[in-house]
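K.L.:
So the sequence lines, in the order shown, correspond to chains D and E.
In terms of the working numbering, the first sequence opens at residue 1 and continues consecutively.
In terms of the working numbering, the second sequence opens at residue 1001 and continues consecutively.
Pair by pair, the computed Cβ-Cβ distance ranges are:
id, chain 1, residue 1, chain 2, residue 2, range
1, D, Q218, E, V1235, 30 to 40 Å
2, D, A239, E, Q1352, 42 to 52 Å
3, E, K1105, D, A239, 57 to 67 Å
4, E, V1309, D, A215, 33 to 43 Å
5, E, D1232, D, A271, 32 to 42 Å
6, D, K69, E, E1238, 46 to 56 Å
7, E, H1341, D, A271, 42 to 52 Å
If you only want the chain D side, here are some residues facing chain E, beta carbon under 10 Å, derived:
id, residue
8, R187
9, A199
10, L208
Everything labelled a hint here was simulated from the structure, so no lab data went into it.
The model shown is predicted, which means the values in this text are computed figures rather than measured ones.
No residue lacks a Cβ here, since even glycine has one placed at the ideal position from N, Cα and C.
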Amino acid sequence: MENPLYSRFRWLPLGILMVASVGCASVPPREAAVRAQLPVAAVWAASAWGGAIPSGAAPSTPVASGAEKLSADAAVNLAFSGSPQARGLRAAFLVEVAGIDAVAAPGGIHFSWARLSPDAGLAKLALALAVPLDEWLTLPARQRQAYWDRAAAAQRAAFATLQLESRVREAWAKAVAGQRQAALLARAAETAELAAELATRYRDAGSLPLLEWNAQQQAAANALAAAAEAGVEAAAARAELANLLGLPSNDPRLVLPEALPPAPALADTTAAASAEQESQQVAAALRQRLDLLAARSAWMARQVHAGSSRVWSRLPSLAVGAERERETDGAQVTGPSLEAGWSPAGAAVVRGTNAEVDVAEAAAATLAVEVANDVRLRSLAYRRALDLDTLLGQHLQQLQAAVVADAQRQHSFMLAGPFDLLEQRRGVDELAARAEQQRLAAWSAWFALQQASGVAP
Amino acid sequence: MNFSRRQLLQGGGATLARAAATLAGAAATVVSPVAVSSATTVHPLENFPDPLPPAARKAGQAPVTTLNGRSLPSRWRDGAREFHLVAEEIDHEFAPGHAGSTRIKAWGYNGTTPGPTLEAVEGERVRIYLSNRLPEHTSIHWHGLLLPAGMDGVSGLTQPPIPPGETWVYEFELRNHGTFFYHPHADELLQVATGLMGMFIVHPRGGEDRVDRDFAMMLHNWSVHPGTYRPDPAVMTEFNLWTFNSRVFPAIAPMLVKRGERVRIRIGNLSMHDHPMHLHGFRFYVTGGDGGRWPRHTWHPEVTALVAVGQTRDIEFVADVNGDWAFHCHKAHHTMNAMGHDLPNPLGVKQQDLAERIREVLPDYMAMGEHGMAEHQVHTDMGHMEGPENTMPMMMGEGPFGKLEMGGMFTVVKVRDELPADGRDPGWYEHPRGTQVRRVSQDPAFRLK
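Generate coordinates for the entire structure from the input sequences, incorporating the hints supplied.
P.N.:
This is how it looks when you write it as structure tokens:
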């Protein structure tokens, strides 16, 4: 299914294809081989901007329970349908591409005109037209470099776009979880207040010492404080989501589902399957992560630049043209012109551009190592988060419900007091809030893993 | 020796089979064990073999009635009365036939806790085989009997422990008479807490004053936490089940007596608490215990006799008044089943309105105890208050006039002019006209606040 996000950025592949068509005209065989190895434009056209980024596992996105509730997908659509964040990404990309285009423009034409007026008689006129030959000579190399610079810029922009989408989805998840936690802790606080009120009744009847009465009042106060804190955190999460969507936090469209759905499950949780899945994710990330592709494109740009420098840096700058002058006596002369300039810095420039190639290569290699390790880390973190989500969300909550039922039965047989029972009941909501926190952690880990793997969240 | 079909049916077939297989090699010398897993009181006066042959009974020696139990058959061989006890894990129920009866994995002898009562006569030689079917070693201490030190049963001190799977034999002459009991003296805390105990009655060799009914009971306490199935041996004071012969009221058999009969109740205490045992309706005499039957001039009249831990006491009385007479420990919480001890006291707490709000988070919440605890049995008997797993209500029992609100160490002595010949319970006593309390007025102004 086409991601609606990408449909709003169809101008990008067109630009990339234009770049490719220009650049490919004069690509040396070795560079062409590298291009084949790094199918920048093809990957782009087919994936990021075509709407189908290669992905090992189909990402499952949270879906709202009610039709009127804002789903994660709907939040992403809102964010990319005019939010300042998305507009800023696009503008920044255009700024960068414009700069690259300027550098890669063909050589210009120098024109000069002068009128020198004597005290008497005709003014002397000088007209010159010169073409800077070095700019035209280096044009193919500069355009090949621009091809890679544009590719790097586009890949960085796409990476930033994915990051923005991921931020929107995570903010949505935080807002949903925050809202749920606040509701649960509010109910826990209500239960604690009931216990505190009951303690007062016991105290009024002369059956509860001050120490135990005070313990119930303190428990209620602590529960109220926790509920209040959760309420503020929920509001902050909602505000963060609203910021990303470019909406006021009280916008009526911000009606969130009651709870997070389960994070995507792992098909096979055995150690062998996990290792196999992890190695596949690492390979995919090294193949498709856009910041890594951008680093490799930048490296290629540096290589093209260095090659150009080696060829042209020791040559003087040349401009050829024609000049025509009218003397004060009316005589006119016309002839060709040549300007040449030479700098002893050529060798240093070559050394510098060669070193820039090394820097770019090292940066790409460093990033590749980081990407692989990041994927492994995120994969581990996700599996652990999912385990805990299962433990808390299913087993422990069921257990706590059973504990409350048992406490209820013990209370019925006068084996347990009402405060124990109410405390256990409060524990149901507190554990559910903790479970929602863990579910959010699982989703966050999922988003991080998807980002690390270079696929859409 | 011969056993009736009824004995075999009452006996645990598995126990018999296991023991028979184990002892196959020694069958010629070891008396076969008898398992007595039934909770029904076996009245010796019924058509059931007397554990002592008639020749062994002297004047006045009534066969012992072990409430909810029986005496162990024995045989005479090679100049000694032989018994065979098998220590093993058993399934035990504290109130068979009653809703919510607590069930446990207990340790017992010959299929029951307490084990069967041993009866013999002073001067006899006894040979007692003990087969250990427990998962750990054990021994038996013959509490109060005068015997050679090597037969005293203190593991590590007077004998090596008896390992699982082995059968050992104790043999000694009964030099003193009285009411005694037996229990392990190896890992004693755990083994007694899980139910290993039994009474040992030694009748005086020369006979004694006539006793028509001779009842025996072991007092014990248990800690079976709600939702668990094994007694907790680590508990020191907060026990939650108090038993006569490992049963709680109303599952404890009543003591059935004909009017005019002389009754003896032998009480042994292996619990961790002393028990003031109180009999309604009669003045009894404390006539003996571990020291045998006391001389008459030391008897003293009482209505309550304190039976200390590790002690036995015999009380005797003539049941000369018909009726249903309560017999119970007078520590009131010992006549309750499981109850919480650390709860805030709900008496006088007005919370009905608050309970409505609490039910919003706890739909089954019920405010109880504002006017007292008696309503608890009403609720539990009606069945609309579910209790914890494997836990009996603290109050049970329905009498002819309503709920008894009792549990634990409580039973009834039923005195009648005539008793059913088959030992059946004669039912509740019908009070003659004019002999029963009656209402004389009602205060129309009184309202519960």
